[in-house]
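Protein chains in written order, with the working numbering: chain A, 1 to 247; chain B, 1 to 408; chain C, 1 to 420; chain D, 1 to 304.
These aren't lab readings, by the way, just hints derived from the structure by calculation. A hint or two may mislead.
Straight-line Cα separation of at most 30 Å, DSSO-like style, residue types lysine-lysine; simulated pairs [claimed, not checked]: (1) B:Lys145 <-> A:Lys21; (2) B:Lys185 <-> C:Lys208; (3) A:Lys56 <-> B:Lys198; (4) C:Lys164 <-> B:Lys198; (5) C:Lys359 <-> B:Lys92; (6) A:Lys67 <-> B:Lys145; (7) C:Lys221 <-> C:Lys188.
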Amino acid sequence: MSNSDFVLAIEDLTVSFDGFKAIDALTLYVDKGELRVIIGPNGAGKTTLLDLICGKTKASGGSIKFKNNEMTKLAEHQIVRSGIGRKFQTPSIYENLSVFKNLEVSFPRGRGVFGALAFKCTDDVKARIEEVAAEIGLADQLNTEAGLLSHGQKQWLEIGMLLMQDPELLMLDEPIAGMSVRERELTAELLERICRNRSMIVIEHDMDFVKKIAHKVTVMHQGKILAEGPMDKVQNDPKVIDVYLGH
Amino acid sequence: MDKLKKWLGTSDMAGIVVLALVVFVVLPGTVDIFRLNLVGKYLTYAFVAVGLVMLWGYGGILSLGQGVFFGLGGYCMAMFLKLEASDPISTKIQSTPGIPDFMDWNQITQLPIWWEPFRSLPFAILALLLVPTILAFIVGFAMFKRRVGGVYFAIITQAVALVLSVLIIGQQGYTGGVNGITDLKTMLGWDIRTDSAKYILYFANAVLLFGAIFACRAVQRSKLGTLLLAMRDKEDRVRFSGYDVANFKVFVFCLAAMLCGLGGAMFALQVGFMSPSFVGIVPSIEMVIFAAVGGRMSLVGAVYGTLLVNFGKTYFSETFPQLWLFLMAALFIGVVLAFPNGIAGLYESYVKPWLLKSKAPRDTGAPTAQVTPEATPATPPRTSAAPARALDSAPSGKQPDGVGPAVA
Amino acid sequence: MSSQDDRDDPQSASRRNFNRGMAALPLIGMPTLALANAKFPTATVNTTKLAITDTEVTVGQLHSATGTMAISETGSIQAERLAIEQINAMGGVLGRQIKIIQEDGASDWPTFAEKSKKLLVNDRVAAVFGCWTSASRKAVLPVFEKENGMLYYPTFYEGLEQSKNVIYTGQEATQQIIWGLDWVQKEKNAKSFFLIGSDYIWPRTSNKIARKHIENFQKGKVVGEEYYPLGHTNFNSLINKIKVAKPDCVYAIVVGGSNVAFYKQMKAAGLTSDKQLLLTISVTEDELLGIGGENCNGFYACMKYFQSLDNANNKKFVDAFKAKYGAKAVIGDVTQAAYLGPWLWKATVEKAGSFDVDKVAAASPGIEFKSAPEGYVKIHENHHLWSKARIGQIQADGQFKMIAESPNLIEPNPFPKGYQ
Amino acid sequence: MSASEMWNIFLMQGFAGLSLFSVLLLMGLGLAIIFGQMGVINMAHGEFMTIGAYTIFMLSSLTETYAPTLTPYYFFVAIIVAFILAFAVGWMAEWALIRHLYRRPLDTLLATWGLSLGMQQIFRSTFGAKEVSPTLPEWLLGSWAPAEGLDIPINGMFVMGLTLLVTAGVFLMLYRSRWGLRVRATVSNRTMANAIGINTKKTDRMTFAIGCGIAGVAGAAFTTIGSTGPTSGSLYIVDAFLVVTFGGAASLLGTVASAFGIAQTQSISEFFLTGSMAKVLTLLTIITILMIRPQGLFALKVRR
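All chains, please: the whole structure from these sequences, using the hints.
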């Protein structure tokens, strides 16, 4: 099978921390335009997997190909620049800056030292910021200091910051953790909308939410893939049931 | 009057204008040339403090080796001035006339080759800017690329300061050793020791300092300034927004180093000598306190802080010689415990609200307006003792129910 | 403790000590006071706007009261104050009482430069007694030359300097080194030497002179020369090198806190005075306080003064010093040299009949001070002092026992030909 | 030079390295606890050592005056008193100062620097600016000569033995006691430690005070090989930090290894080079290695 059909092709990926294999010979493919949800019990290695893809953790072995380019040897910022965006588990925004500045900083221009010095917030940048702000529902909060936002709004802001870069692969680590019911619904809608022209990997625990958004679900356990497929199939897989309910 | 009050309260230019008045008008008009020369000396330290605002306040990087760069800049200038002061006629009692006196005392009979270019003023000026910058680049590049930060960076810069001071003291034939390079007299034939020269140098120094402040202000207001603040807050987020974080840190470290070099050179010109006592650890830490007292986030505050600490030091050491160390100690502890944002922070929280009592909108866009008292100035390096996040744990604690987004 | 006396409220301290000084010294000066001022009107004795009134003359004192050098400079501060009080008790200088402005150099050379400028420009002092390290002197020297001040510098130092504006009351290097080396060669039959120093200009220059003298004049051998950073505390490797080189004599110019570590570790390594000859020019009674005499007894030091010198001048001096600063106070070479400063200045001013710095500088050569604790001193043309060199052996109680003394006064020679 | 002499020098040089190793380790241990375990940059560490040194001085004077017969033995008591005094001062310093600053490690640096200035001035006002020399027991000075030409410094052996004892003690306390468990729990997850009922505040104070106490012991022991004055402690501070950083801050074993490595590098290079150049060489080696391996020699590998 050719890898080039996939946006992301992970093969034989392994990482160990002092002998403990957090990810063990894992192979995973993500299609173009696919929204993949990864579920699994605590310690299954989900977040570690995202860390590996975005370069935060270096792999002990195996390969990660994004659009057929090897990512494992690249630095984090190079991986981002090739089109992978990642949202962290806890909202990771610049609390001291305004919403506007948060988005502006994420705009993919002037990324070098001197580029940043010369960077001007031109009209097209402003237009883009306003567009994204509207998308994430913070259009009227542009001048608010980000630290003052509610927890849910912070999560959205971080997603917005990723959208500024228009990544082809977007990875979200528990985007609805700590959100109210209403916020969850809105987030689900948001994800569906932004998924239209890019691939996404989402880690989530909330099964209703997963059901609502997932194209395909991967279940991880002890650093390995336990099952993969549509939600209803995976849900009925005895192995999965065993893992979730067994011990 | 109200208008003035409002302007003072809202514009960050106001602080600069007031400082300019103090430095260019009030001080020269009120103090004698001896005290003014002292102020000039303090203002050379202010370059370091301004650099530290950028490096420490904005970049979250604490260097305990800024004295190294101050010293290097000063030595570059002093080497030029010393060569000019060592013409064959005024050094004719030496066994080798025409070389600096301390070389003659150390049986060096020929000017070392690396001293030669310092006969040229343009070269010396270039060197005093570039030598500190290049050293900062090498150290910074090596460390930031490997994500050494916080405490570790501070300790390593401290070791660099120690190495350089041991080297300078040990190679006294080439550097003047512990005495330093003394007895500097003229620059291109212009006697720098006269009162008129002191005046001119004072103003030249002040102009350069304001140039430095404006340059730093421009950096703060650029996207780079925003990025520095962003990095200090969430370094990983910046990295995963596609920025090579290390490059920005190297840049701001080099910038601070260059400012130090400039300050050192102005010091050598105004005081008339340069000695390794600036290169060591103690002066480097003292320079950090200048910025801390002034407010680590405020360029103008750093200058006030420098002036205040040094005036205090001079005054107390003249008036209460045995008490002044206690006062310095109290200053260090007090600034950290009670006023983590220094003078500028006090201004922000007491003076400004008073100025704005007649209600004026707050400018939220300018980064200078944002001062967070509890901000951790630096993220610990990856290997620090900071607790590792528990694997795959969901965020705990209650979150406030947010208002729903206006998704149409 | 004792050394703190000088930092009490200066007024009460000086009053107290003034009374003591009065008791100790004959009151010859007092009746002549009014007369003197008629004889020396301020307008004629002070043509350069120095801080001098009909009854008072202001001088500066510039030492490190704080910082790492405070250890060494405390003695000088005390001695200068003692001398000035005694002079005041005798009626002062040209009928004027001496008033002191004390500044703290804080062991920091730029601070020394700053404070010296303050003393000369703002306070217009007639003379400054101060500095200890070469670095501090080098830092203030341009200021004194430019502002035309007068500095009395007490420390034995490396030489290579001579200024109209400085009187060097300590020995320059050749005075301290050459006679001492000749003595160990002659009396102890030392042919090979190991030179050790802290890494800065005085030890390096002194060792250079020592090496030239050993190699060119004594035809001896230098088997090692080592420098350690100031504040270094570990000398075991060095001591092993000494053991390998087996010199007849170790020539040590270690200073400050390193000194203590060096001698304690020498003793612990078995290199005590019964096994190893050691001559130092950097250990005075002050340093012995920190080292402990029991850790280096039997070694030799060469300088011009020891507290134990047996002469009438010295006895009076030591008694006065102890009366003022406590029975435990010790007096080292530099302390004594600092004590000379005010007395020499007084004599010079009286000879010149003026406080003007130019006249004082011009009148300095030839000034004698016969009641110096070290015996007799005279200012040379080059503003250094003629003085004797003496060898003392360290005793367990922290004092020196004088073993030998140069027969004549040694001429100061700050730019020694053949040693550069 | 004969073979036996060469052998003696070799042995003595080896001992010099070991003795420097124990000096570095002893001064690094207290810091390893404070800096390594708590992340507090205690710039006043040297001054806590000075407390120990002055304790020896005070007790030696007392012993000389009131019980001269006990002079050979007071040293052991004095070391314990040094620990207690430094511990008490450390306890107070933590209460007054450090506890407010746990979230701001770089600020602890400034605050403790201020503390060190103040302490130095207190020493100066109390004991005078000049150095003092405590009278040490005669048996501690001098050398042990098992063979002709071979002299082993007794004070070196004493410091070495003490270092061994203190290191063993620290290891035992950290890995075998309730306190150690609490400290390690607090270090790895403060919130969690709090949640399971560990009084982290008390643990912090105890930890800081114990670190200071060990500094006091080090200072007391160093009176046998170094000076006692208001600024004596500051001579050690940079070396101590380098030892701890170089070892990998959180690892005690790393501190031991790094003290050993630095001591050997310095002592061997001092033997072949001049003192100043040896110092430069040692420092440059440390800086270079730290640049290549910023986490130090021993570091925990965990997911971040």
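Going down the list of hints, with the structure as the test:
At most 30 Å may separate the alpha-carbon atoms for a hinted pair to count; Lys145 of chain B and Lys21 of chain A meet this at roughly 27 Å. For the proposed pair Lys185 of chain B and Lys208 of chain C, the alpha carbon gap of about 29 Å is at most 30 Å, so the pair holds. This hinted pair does not check out: Lys56 of chain A and Lys198 of chain B have alpha carbons roughly 55 Å apart, beyond 30 Å. Among the hinted pairs, Lys164 of chain C with Lys198 of chain B is consistent with the structure: their alpha-carbon atoms are about 25 Å apart, no more than 30 Å.
Restraint check for Lys359 of chain C and Lys92 of chain B: satisfied, since their Cα atoms lie roughly 27 Å apart, inside the 30 Å limit. Taken as a hint, the Lys67 of chain A and Lys145 of chain B pair is honoured in the structure, with Cα atoms around 27 Å apart against an allowance of 30 Å. Taking the CA atoms of Lys221 of chain C and Lys188 of chain C, the gap is near 15 Å; set against the 30 Å cutoff, the hint holds.
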